[in-house]
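Use these hints to put chain X onto chain A, whose structure you have.
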Amino acid sequence: DQQVKQNSPSLSVQEGRISILNCDYTNSMFDYFLWYKKYPAEGPTFLISISSIKDKNEDGRFTVFLNKSAKHLSLHIVPSQPGDSAVYFCAASVWEGGSEKLVFGKGTKLTVNP
Amino acid sequence: DGGITQSPKYLFRKEGQNVTLSCEQNLNHDAMYWYRQDPGQGLRLIYYSQIVNDFQKGDIAEGYSVSREKKESFPLTVTSAQKNPTAFYLCASSWQGSTEAFFGQGTRLTVV
Chain A
1 DQQVKQNSPS
11 LSVQEGRISI
21 LNCDYTNSMF
31 DYFLWYKKYP
41 AEGPTFLISI
51 SSIKDKNEDG
61 RFTVFLNKSA
71 KHLSLHIVPS
81 QPGDSAVYFC
91 AASVWEGGSE
101 KLVFGKGTKL
111 TVNP
Chain X
1001 DGGITQSPKY
1011 LFRKEGQNVT
1021 LSCEQNLNHD
1031 AMYWYRQDPG
1041 QGLRLIYYSQ
1051 IVNDFQKGDI
1061 AEGYSVSREK
1071 KESFPLTVTS
1081 AQKNPTAFYL
1091 CASSWQGSTE
1101 AFFGQGTRLT
1111 VV
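Top to bottom, those sequences are chains A and X.
Just so you know, we're using this note's numbering here: the first sequence kicks off at 1 and counts up by one.
Just so you know, we're using this note's numbering here: the second sequence kicks off at 1001 and counts up by one.
If we strip away everything but chain A, and leave its shape as in the complex, we get:
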């Protein structure tokens, strides 16, 4: 039972264009959502997050949108740069068993072509 779903395993965009990465979730108890970026053979690095009480959070070229009624969030990268090429993981946080836990999606591999 996958609680966090990234249905697109890969995405390819041209440099300068917008990249939109999508994420769906099933657990309405999630209270925080995060995006991580991962390069091959490295650990994920935190990119941007959003609380469940907000619908948008912006940080430079990165914007995360949350649609709670649809249980959907998306990460927008504008403009996309070749250095953005990486795997992007969506994660959701839930309080369970007395501690905060992160649940990850399977990731979307973004390729930005020059």
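The set of hints was computed from the structure by calculation and includes no laboratory data.
Treat the hints with care, since some could be wrong.
[Stated by the list, open to error] Straight-line Cα separation of at most 25 Å, BS3-like style, residue types lysine-lysine; simulated pairs:
id	chain 1	residue 1	chain 2	residue 2
1	A	K54	A	K71
2	X	K1009	A	K109
3	A	K101	X	K1071
4	A	K101	X	K1070
5	X	K1057	A	K5
6	A	K5	A	K71
7	A	K101	X	K1057
8	A	K37	A	K71
9	X	K1009	A	K37
10	A	K54	A	K5
[As the list claims (entries may be wrong)] Chain A stretches covered by chain X per the calculated footprint, using a threshold of three residues with CB under 8 Å from any CB of chain X:
id	region
11	38-49
12	104-112
Glycine included, each C-beta is placed from N, C-alpha and C at the ideal position.
Just chain X, lined up with the frame of chain A:
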């Protein structure tokens, strides 16, 4: 420099042997986690620990063991009972109650 250190980066072991992966952090984080990543899969939680001398099983704990004798250290032992041990292992840590986890560089374990 503060951070999380996993060692070694690459590890090879023969089938049937136990192997221990190291994870050390100097961020003064209370919570530490171990994840496993397989091709086409998300990060799956193996074990986590919120405080010293206490830890809980994650979603795929079978065949693994951990200890948390010091706040800075959370070693993971992959035992011979783990049926598919070859994977990329990631250690993470966070402050108590924080939703943001900081990850190490990972250890690629190959069992031959």
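Now the hints, each set against the structure:
Taking the CA atoms of K54 (chain A) and K71 (chain A), the gap is near 13 Å; set against the 25 Å cutoff, the hint holds. Distance hint between K1009 (chain X) and K109 (chain A) is fulfilled; the C-alpha atoms sit about 22 Å from each other, no more than 25 Å. The suggested pairing of K101 (chain A) with K1071 (chain X) holds, with an alpha-carbon distance near 19 Å, which does not exceed 25 Å. The hinted pair formed by K101 (chain A) and K1070 (chain X) meets the criterion: a straight-line CA distance of about 21 Å does not exceed 25 Å.
Annotation: proposed proximity of K1057 (chain X) to K5 (chain A) holds, straight-line Cα distance about 23 Å (limit 25 Å). Of the supplied pair hints, the one linking K5 (chain A) and K71 (chain A) holds, its CA atoms being roughly 11 Å apart against a limit of 25 Å. At roughly 12 Å between alpha-carbon atoms, K101 (chain A) and K1057 (chain X) fall within 25 Å of each other, so this suggested pair holds. Distance check on the hinted pair: K37 (chain A) and K71 (chain A) sit about 21 Å apart at the alpha-carbon level, within 25 Å; holds.
A threshold of 25 Å between alpha carbons decides the hint, and for K1009 (chain X) with K37 (chain A) the separation of about 19 Å falls inside it, so the pair holds. Taking the CA atoms of K54 (chain A) and K5 (chain A), the gap is about 20 Å. The hint holds against a cut of 25 Å. Under a criterion of three residues with beta carbons nearer than 8 Å to beta carbons of chain X, the stated coverage of the region 38-49 of chain A is upheld, 7 such residues being counted. Here the region 104-112 of chain A counts 4 residues with a CB under 8 Å from a CB of chain X, which clears the bar of 3, and the coverage holds.
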